[in-house]
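The whole structure should be built from the sequences, with the hints applied where relevant.
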Amino acid sequence: MAEADSVAVIGLGRFGRSLALELMASGTEVLGIDADETIVQELNGQLTQVVRADATKDEVLRQLAVHQFDRVVVAVSSDLKASILCASLLLQLGVPVVWAKATDEQHGRILEQLGVHHVVYPESDMGRRVAHLVRGAAKDYLEIEAGYALVKAAAPTELHGVALGDTDLRQRRGVTIAAWRSAAGEWQYADNATVLHEGDTVVAVGPTRNVEAFAQLR
Numbered sequence: 003m004a005e006a007d008s009v010a011v012i013g014l015g016r017f018g019r020s021l022a023l024e025l026m027a028s029g030t031e032v033l034g035i036d037a038d039e040t041i042v043q044e045l046n047g048q049l050t051q052v053v054r055a056d057a058t059k060d061e062v063l064r065q066l067a068v069h070q071f072d073r074v075v076v077a078v079s080s081d082l083k084a085s086i087l088c089a090s091l092l093l094q095l096g097v098p099v100v101w102a103k104a105t106d107e108q109h110g111r112i113l114e115q116l117g118v119h120h121v122v123y124p125e126s127d128m129g130r131r132v133a134h135l136v137r138g139a140a141k142d143y144l145e146i147e148a149g150y151a152l153v154k155a156a157a158p159t160e161l162h163g164v165a166l167g168d169t170d171l172r173q174r175r176g177v178t179i180a181a182w183r184s185a186a187g188e189w190q191y192a193d194n195a196t197v198l199h200e201g202d203t204v205v206a207v208g209p210t211r212n213v214e215a216f217a218q219l220r
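To convert, note that position 89 of the sequence shown is 91 in this note's numbering; the numbers rise steadily by one, no gaps.
Think of the hints as simulated: they come from the structure by calculation, not from any bench. Check before you lean on any hint, since a few could be wrong.
Simulated restraints, written as ranges between beta carbons of each label pair [what the hints assert, rightly or not]: (1) V197 - G29: 17 to 23 angstroms; (2) R172 - V62: 51 to 57 angstroms; (3) D38 - D142: 50 to 56 angstroms; (4) G15 - Q51: 16 to 22 angstroms; (5) S126 - E188: 30 to 36 angstroms.
Remember, it's a predicted structure, so these values are computed and weren't measured experimentally. We put the CB at the ideal spot given by N, CA and C, even for glycine.
Shown next, in the form of structure tokens:
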């Protein structure tokens, strides 16, 4: 999928605002839409264009030419009806790719049934990620999709001083070391010849249960 040059973000609450500003920082053209005049005024000048509008109305979306954007994100979630209606209208308008924020699994299932291309669960996803960090084992954690994850963790003692190709790590632990860095060095790709030492940090990928267990090793 090609990188998006233009994105419309509907709903500029904490999630939508953060997303829109990050997209702007990366050089993407961003149209922000929200029904709250105060929010629109706050973001005036920070986005390519920001407007106060009711995105649950077909004529409004057409006037704003939302269907001409590469991606549209429905960041409205507190109003379930508005989220679903907005997503439905966008799909009817033929928006190439629609992303939508869901508050829970039921909301997400409805969005998926409508045909939304990507449904995200920022609260629950962040909760899972932070839980791993709070436990103190992982330095960072990302669930790539259900059942598969990536973890940044300290290189465990069992890998010190041995070439990765001789550790049988994938067979024993069910994970693969994708990259590593020393305490004072830069990130490097890992291969069978890589030798890790105390103080090194690694990025491991694999089934969620396996990478969680790997992060607990010392």
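Q. Against which earlier hints does the structure fall short, listed by number upward?
A. 1 and 3
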